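Trainee: Given next are the chains, with one letter for each unit.
2 protein chains.
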Amino acid sequence: MAGEADFIAALRGLATHPAARGLADDCAVLRLGSETLVLTHDAMVEGVHWLPGQDPADIAWKLVATNLSDLAAKGAEPLGVLLGYALGDDDSRFLEGLHEVLRVYDVPLLGGDTTGGAGRRTFGLTALGRATCDPVPARSGANVGDSLWLTGPVGAAMLGFEALRDGLGDVDTTAFRRPVPRLAEGRALAPLVSTIMDVSDGLLIDAARLAQASAVTLALDLSLIPVVPALPADRIDDALRWGDDYELLFTLPAGTVPPVAAHCIGRALVQVDHPLLLDGNPPAGTLGYLHD
Amino acid sequence: MAGEADFIAALRGLATHPAARGLADDCAVLRLGSETLVLTHDAMVEGVHWLPGQDPADIAWKLVATNLSDLAAKGAEPLGVLLGYALGDDDSRFLEGLHEVLRVYDVPLLGGDTTGGAGRRTFGLTALGRATCDPVPARSGANVGDSLWLTGPVGAAMLGFEALRDGLGDVDTTAFRRPVPRLAEGRALAPLVSTIMDVSDGLLIDAARLAQASAVTLALDLSLIPVVPALPADRIDDALRWGDDYELLFTLPAGTVPPVAAHCIGRALVQVDHPLLLDGNPPAGTLGYLHD
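Heads up: the sequence lines are chains A and B, in that order.
Take the first sequence: its letter number 91 is residue 91 in the UniProt record's numbering, and every next letter is one higher.
Take the second sequence: its letter number 69 is residue 69 in the UniProt record's numbering, and every next letter is one higher.
By construction, these hints were calculated from the structure, which means they are not laboratory data.
This structure is a prediction, so every number in the text was calculated from the model and none was measured.
Among these hints, one or two may not hold up.
Stated by the list, open to error - Cβ pair distances, simulated, as ranges:
(1) B:A24 x A:D90: 24 to 32 Å
(2) B:S34 x A:S92: 38 to 46 Å
(3) A:V104 x B:D221: 46 to 54 Å
(4) A:E35 x B:R103: 42 to 50 Å
(5) A:H274 x B:A118: 45 to 53 Å
(6) A:P259 x B:N143: 52 to 60 Å
Ideal Cβ placement from N, Cα and C applies to all residues, glycine included.
Let the hints inform the model, and build the full structure from the sequences given.
Mentor: So, in structure tokens, the structure goes:
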């Protein structure tokens, strides 16, 4: 077995229940009686998902916010979270951040597990929500002719990460440290969209995934893609390939105007050889940062 | 903050939603429409929860089985699991064990996350079930006069662990490597019991927790506690303090006969200074192995 791609391919072979959505969506979607559950689990690993010396309160925030972002991409109302926590010497700061993010988004802590032991720490979080519309939108479903939209600019998390890494005290690093799940936007959009997902790994790679799941080609217009004002002109290519901004990417039938602030950045074409065209050509190089 | 006990105490301060049951039960219990969800998350850490060199297929089995055991203790029907997996060089064996345990218990894999990075590995699992009776039993609820029951013997997992650790090839280590969640027993018992839990950390410590949650004292009769035939007479004290057997411990009103095979091992008394009496005296020393 040659790493993550093979492992996930093998997992997909096991995840045959329709609720698993082939492990190709942001969440599992499970009908239960009169309700529909939306479920996601993401983990963060020391040295992989956060920088040495980062404030544990920010890590707690991000762990919860990124999972809530997956719920946002289904238009789900959060019901609660379960935490898998590896104890360390900074537990009280983690608790402060956890308390804050749960309070801000009014999400109950329902349970979890704590573990001891030395070495690299891993935190896991399961978030649980209830669907607010039926059907619950997926990554598949974009139709030829649909317009492609993004709720906000790219680049802020990348610049925040770099400033934190390089110790640039005068740059606002909030976007990287404390991402905002677009819960209200997701709920407003879910009944209208043909597809929706959150941009966690990079606009280009996530758009390519959406295109492949929908069996269309997405044509993006570079001049329409919003970027943060602080982004240097020579960093646009990087910003398109950097994730962690957690904006929502979605398609709507042509002519439909979204009920939330968003930018039209392209449209869905009949599927060609490439899932993605940027100003008419397949983008060069890696499409995104291959976060886990 | 001085470690796990303090951290959990602080977490309890955050987990004020009734569904969290004060983080003092095996599972969270959440009403959703016409159904009641039962939720648990347990993690396993390399070097803490498994021995170096253990077969990853067994680790996968145990990760799923121990979480299903928590559902069993609520009489819940499993709906699915979400996996947090740290990649390694033995992923295909893990997948084989995962496939096997999910097939045996007919539980869908719904989603999860994989992570990379070197160092000590952590696996997390969230299991989700639907309650099959109302109210869903808890650890609190034992009444004075209730009889205390255990579904099967203690000691098998301890002997299995020791044989595996010491390389004793002629001893059956299945009980430690592949515990069996008592799902059918839990479902049959849940509507009848006044309290129920699974024995994961040791009979004495878990009985003490049940006693404290119920505000009674539990009086155990040593001669009534079933042990595996292979257990040497001088290891009974250890077996009472060793977990990992995942039998169900429960209380019933006096005179009620359980609908599954079980042993009456004591009864609930008016609460005295000690939560637990063993042949009339508080048991000496540590009551259980303080697993995470």
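Trainee: Take the hints in turn and mark each one as holding or not.
Mentor: Status of the hints after comparison with the structure:
1. B:A24 x A:D90: 24 to 32 Å: Holds, at about 25 Å.
2. B:S34 x A:S92: 38 to 46 Å: The hint (38 to 46 Å, Cβ to Cβ) holds, given that S34 (chain B) and S92 (chain A) are roughly 41 Å apart.
3. A:V104 x B:D221: 46 to 54 Å: holds (52 Å)
4. A:E35 x B:R103: 42 to 50 Å: Because 28 Å falls outside the window, the suggested range is violated.
5. A:H274 x B:A118: 45 to 53 Å: violated (35 Å)
6. A:P259 x B:N143: 52 to 60 Å: Because 55 Å falls inside the window, the suggested range holds.
Checked against the numbered hints given earlier, this structure breaks hints 4, 5; the rest are met.
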